[in-house]
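Protein chains: 2
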Amino acid sequence: MTESSLQSSDSDRHARPLKFARNLLMDEPLDLERGGRLTQVSVTYETYGQLNAERSNAVLVCHALSGDSHVAKHSDEDDPGWWDIAVGPGAPIDTDRYFVICPNVLGGCRGSTGPNSFNPETGKPYGADFPVITIGDIVEVQRRLISHLGIEKLLAVVGGSLGGHMALTWASRHSNRLRGVAPIATSAALTSQALAFDIVGRNAILRDPDYQGGQYYESGRPPNVGLAIARMLGHITYLSREGMTEKFDAERFQPREVLSAFETKFSVGSYLAHQGDRFGERFDANCYMTLSMAMDLFDLGITPEKLAEAISHSDCRWLLMSFTSDWLFPPFQSQQIVDTLIAADKPVSYCNIESRCGHDAFLLPDNVAIYGEMIRAFLANLSGTEQASPNGNSIETADMESSTHSPTSIFHSRHRLDYDTIVELIPPGASVLDLGCGTGSLLARLATRGHEQVMGIEWDEQSIVRGMQRGLDVVQADLNKGLAAFSENQFDIVVLSQTLQTVMDVERVVDEMLRVGSRGIVSFPNLAHRDHRFRLSTEGRAPGIDAAEGYTWYNTPNVRFLSLYDFEDLCRDKGITIHEIVALDTTANCRVEEYPNFGANVAIAVVSK
Amino acid sequence: MTESSLQSSDSDRHARPLKFARNLLMDEPLDLERGGRLTQVSVTYETYGQLNAERSNAVLVCHALSGDSHVAKHSDEDDPGWWDIAVGPGAPIDTDRYFVICPNVLGGCRGSTGPNSFNPETGKPYGADFPVITIGDIVEVQRRLISHLGIEKLLAVVGGSLGGHMALTWASRHSNRLRGVAPIATSAALTSQALAFDIVGRNAILRDPDYQGGQYYESGRPPNVGLAIARMLGHITYLSREGMTEKFDAERFQPREVLSAFETKFSVGSYLAHQGDRFGERFDANCYMTLSMAMDLFDLGITPEKLAEAISHSDCRWLLMSFTSDWLFPPFQSQQIVDTLIAADKPVSYCNIESRCGHDAFLLPDNVAIYGEMIRAFLANLSGTEQASPNGNSIETADMESSTHSPTSIFHSRHRLDYDTIVELIPPGASVLDLGCGTGSLLARLATRGHEQVMGIEWDEQSIVRGMQRGLDVVQADLNKGLAAFSENQFDIVVLSQTLQTVMDVERVVDEMLRVGSRGIVSFPNLAHRDHRFRLSTEGRAPGIDAAEGYTWYNTPNVRFLSLYDFEDLCRDKGITIHEIVALDTTANCRVEEYPNFGANVAIAVVSK
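For the record, the sequence lines run as chains A and B. Heads up: the first sequence runs through residues 1 to 609, numbered per my numbering. Heads up: the second sequence runs through residues 1 to 609, numbered per my numbering.
There may be inaccurate statements among the hints.
Which copy? The list can't say, so a pair holds if one copy fits it or any two copies do.
Straight-line distance between alpha carbons at most 16 Å, and here's what the computed EDC-like set of lysine to aspartate or glutamate pairs gives [to be verified]:
| no. | residue 1 | residue 2 |
| --- | --- | --- |
| 1 | Lys153 | Glu54 |
| 2 | Lys306 | Asp249 |
| 3 | Lys265 | Asp299 |
Please keep in mind that the hints were generated in silico from the structure rather than gathered at the bench.
Produce the complete structure using the sequences and hints provided.
What follows is the structure, given as structure tokens:
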């Protein structure tokens with residue numbers, strides 16, 4: 001293979017110079033998945049940081065549809081990169097620690113072989129003769145580049161949107177070549193809606209008379225009207241409705257002044273006209289068609305079965321992230337992937353990050369405090385380096401004993417008798433799923449004790465970040481909606497610690513707990529404790545409220561109230577076996593052996609079905 | 001003015017013959033809101049049913065962007081109309097009862113004056129010389145038509161989408177000319193996102209070389225590529241993502257066979273290509289541009305203040321409906337209008353109908369059982385005709401005494417002592433808002449007693465339909481999210497009957513109740529009733545559960561548990577004055593005068609702040 005700096009390559013007809021880019025001309029031709037062969041393939045790429053002696057710190061970053069190899073600036077004087085907030089010294093993908101590689105994709109127009117490259121057989125640009133390529137073809141070129149760089153195993157592959165398709169493909173096909181994968185704001189296949197938008201965009205290019213069947217390079221008139229229409233349309237789908245309202249509503253009828261042959265009557269119209277006109281200056285219509293088609297053809301598995309075939313054998317750790325307002329790659333698509341991984345017992349973390357930025361969220365600074373820190377923790381866990389909590393304290397000492405489960409904890413001492421008891425009740429080495437794991441105190445304790453397979457379910461974003469910083473796998477989910485992804489008896493133990501009283505759908509949560517776990521361990525406050533009885537029968541007021549936490553009957557997070565007997569009734573109603581109930585008096589810091597339904601303020605039950 | 005059957009009109013260059021349409025050539029020129037004048041204006045319209053002697057049963061139906069005057073078939077042999085499910089003999093807009101008028105809009109291409117009509121000054125079609133028109137101009141032509149038909153006051157104006165803009169404009173400008181208005185799936189102005197889609201569509205037409213600056217009529221080559229692109233794009237926005245998934249996902253890579261120069265690689269692509277190609281056969285590009293611009297310019301008020309200026313003086317009854325999966329005219333936009341009307345104390349009903357059909361939902365049969373019946377009830381209420389419940393029973397006898405409030409009712413007898421008591425506590429003639437009104441039993445009772453201003457808030461769709469069938473105004477809202485739209489002391493009495501114990505955010509609901517009502521009347525089950533005390537202190541089980549209704553601690557809809565004392569504590573905490581507490585023993589069917597917190601199973605409090 002032949003390496004060169006980009007300036008010496010003439011395969012790129014569009015780019016401003018990428019000063020730090022290198023170009024690799026491959027020795028072997030590339031046989032394409034959908035037929036055809038590219039005899040000459042070159043890839044343009046940039047690297048950041050240093051490859052360590054073990055060659056174990058390399059992170060591959062995959063760009064999205066209109067991105068390029070310039071993921072970040074190489075120095076303060078350099079042009080901005082498209083992901084400076086995530087890649088750089090001290091950034092989440094820390095170039096002081098990691099060796100970052102970002103190639104321009106096959107089919108792209110910023111240096112790597114694409115429709116605007118010269119076809120060695122004709123001496124002219126390929127144009128529409130450029131063959132149909134797939135995400136698999138793109139990844140094959142990346143794989144050859146990685147091998148050329150002497151990297152046997154990547155630390156991670158990270159990519160959003162179309163780049164997420166590449167990340168998924170890496171994990172599906174080459175999971176032995178990476179320790180971890182982080183597909184962001186992506187999907188196993190486009191929704192039909194997203195596909196439809198792409199089709200309309202391609203039709204606008206295809207039917208632009210200047211398209212000339214794809215051979216417009218010599219006419220001097222590229223199909224920039226069609227490309228601009230496609231770009232305008234794409235741009236709408238990258239933003240959220242809320243975001244557009246904030247940006248354009250106030251001055252809806254006051255367009256910015258832009259010189260354009262497009263309609264500029266409205267504020268948003270002038271913006272789109274500008275975006276559309278500018279896009280033709282930096283992008284090639286055939287490349288746009290080629291890459292959007294590769295995205296549309298991407299199909300890792302629309303059905304759960306096919307998706308499982310594609311990824312359930314993977315041998316790496318996973319981090320998936322979606323964004324609540326992303327309607328182009330809606331969160332449920334990431335959740336489908338997560339569910340498939342869970343069903344296959346793969347190590348996965350996931351968060352659907354609250355955002356108003358739409359699909360573009362992963363490129364913007366608004367939510368980087370969450371997604372960036374998740375990536376940072378994920379990479380640290382992959383490389384086995386220590387993590388400090390953001391304030392510099394050790395997370396273990398900061399959180400270990402504090403109230404990190406549900407906000408309804410009735411414990412105020414640093415010593416958590418209920419945790420101690422739960423840990424005692426868990427057999428050594430058992431696999432454990434913690435429902436409502438908070439920042440992961442219990443799981444971290446188990447991990448320290450040597451449990452290898454532990455996992456948490458949690459709703460709060462910040463808690464998930466902290467759980468990941470502790471080295472844990474944590475998946476965001478709403479317990480009320482069930483644990484459908486998990487298979488029967490997937491875990492030895494499922495823990496529901498101080499959470500039962502906060503869920504509406506108790507039956508579902510308990511059913512699911514005992515489907516997924518061979519045994520369940522449930523801790524809950526006992527409403528029939530003598531203090532509560534006294535409160536109702538003598539004072540005539542609602543019992544079971546944790547006044548010490550500032551709660552009253554009208555603002556407690558608890559929505560279910562039960563005694564030890566009530567729990568037994570539930571188990572009887574539902575055919576659940578109670579193996580053991582430990583009744584605790586956490587005020588006296590002891591177990592309650594006699595009259596537990598009177599003397600215990602907390603009960604912990606070991607159950608199975 | 002000159003009436004003619006449509007066949008004799010030569011102003012329409014595109015339509016298949018509309019056999020039953022008539023054409024009215026107006027005497028007066030039309031001065032347009034944005035400047036310019038149309039010297040000759042004709043309107044094509046169809047009518048259904050008979051105008052009654054009092055001329056009081058006329059319903060104007062306004063069509064959407066690509067609709068026309070043919071809202072329904074006139075006989076079984078006639079061509080289908082675009083809203084046969086809603087208009088016809090026995091249909092929700094029952095042509096056996098009502099005289100239905102549907103005109104083609106100004107600017108349209110199915111008979112009424114539009115860009116494809118001949119410009120009397122040039123003898124050629126207007127083309128792009130057709131002036132910019134507004135929804136106001138369209139409505140002015142409709143108003144002239146209505147006057148020509150001798151109708152002083154319409155029973156109602158009904159319209160969805162762009163037709164909803166017309167309905168809103170009628171209510172804003174001519175509310176003395178109608179008794180009621182039903183804007184469906186519409187908004188006071190487009191979202192910036194929806195506006196952006198329109199702009200992209202118009203740009204596709206505008207930059208189609210065949211557009212020729214709008215004078216393409218003589219070329220024989222209309223800009224059908226641009227029009228098709230616009231139509232494809234529009235079509236995506238009319239469907240929901242879920243709907244597209246159901247329709248296209250399974251056979252995503254198996255296109256239907258269609259002959260098209262557009263891309264037909266994917267199933268959804270072949271569908272869009274077909275839709276796009278066909279649209280040019282029945283629609284005119286200049287008309288599309290004109291009407292979509294009229295829609296984009298529509299601005300009844302983006303800010304709450306401006307919206308209030310536009311509609312708060314209206315003198316008619318309102319029904320608004322939106323659809324949960326409509327993302328082009330998202331539900332919050334209808335809610336903004338509803339909120340404005342509520343703030344202005346206008347009679348309004350509203351429902352956000354659960355649907356998977358997107359914006360098109362109002363044209364489709366899937367949800368007509370809800371939206372159709374709401375329209376039917378609305379029209380019946382406007383015309384003062386009696387309504388029967390769907391099964392033919394009188395609704396009053398069917399529901400009056402049954403458990404129609406929350407599902408947590410603790411009452412099983414047909415005699416509702418709590419209702420009797422609440423009615424007694426309400427001063428004669430007081431205005432009343434019922435939070436969680438169910439099917440409206442209490443309000444109907446008050447209406448019968450002569451209360452003129454009563455209104456309900458309810459969540460359940462079917463209950464809202466039944467409330468409307470009782471002649472009530474009912475607005476769908478989630479009590480947990482507050483009553484922000486209502487102003488201070490808007491009602492004499494706000495009732496919260498057997499609902500407090502089911503809401504999470506008690507403080508907010510109570511605060512809002514006492515902001516909106518001069519007084520509140522709250523009924524709730526008393527947790528400290530002797531039976532409940534016994535249950536906890538002697539049996540050691542959770543109290544307050546209505547076992548007779550089949551509930552247990554783990555499935556009760558109640559999430560808050562309170563005694564009479566607890567309620568008093570809340571009032572003390574929040575500075576709420578309790579004017580009266582009536583304690584009831586509904587088992588013994590009597591009031592409890594001594595030890596009410598021990599003897600009452602239900603308490604009813606009259607409070608204010």
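**Item:** Same-copy or cross-copy closeness of Lys153 to Glu54 [CA-CA at most 16 Å]
**Value:** within (10 Å within a copy, 85 Å between copies)
**Message:** Cα distance capped at 16 Å. Does Lys265 pair with Asp299 within a copy, between copies, both, or neither?
**Reply:** between (40 Å within a copy, 15 Å between copies)
**Within, between, both or neither: Lys306, Asp249 at alpha-carbon 16 Å** = between (43 Å within a copy, 14 Å between copies)
No hint from the list above goes unmet by this structure.
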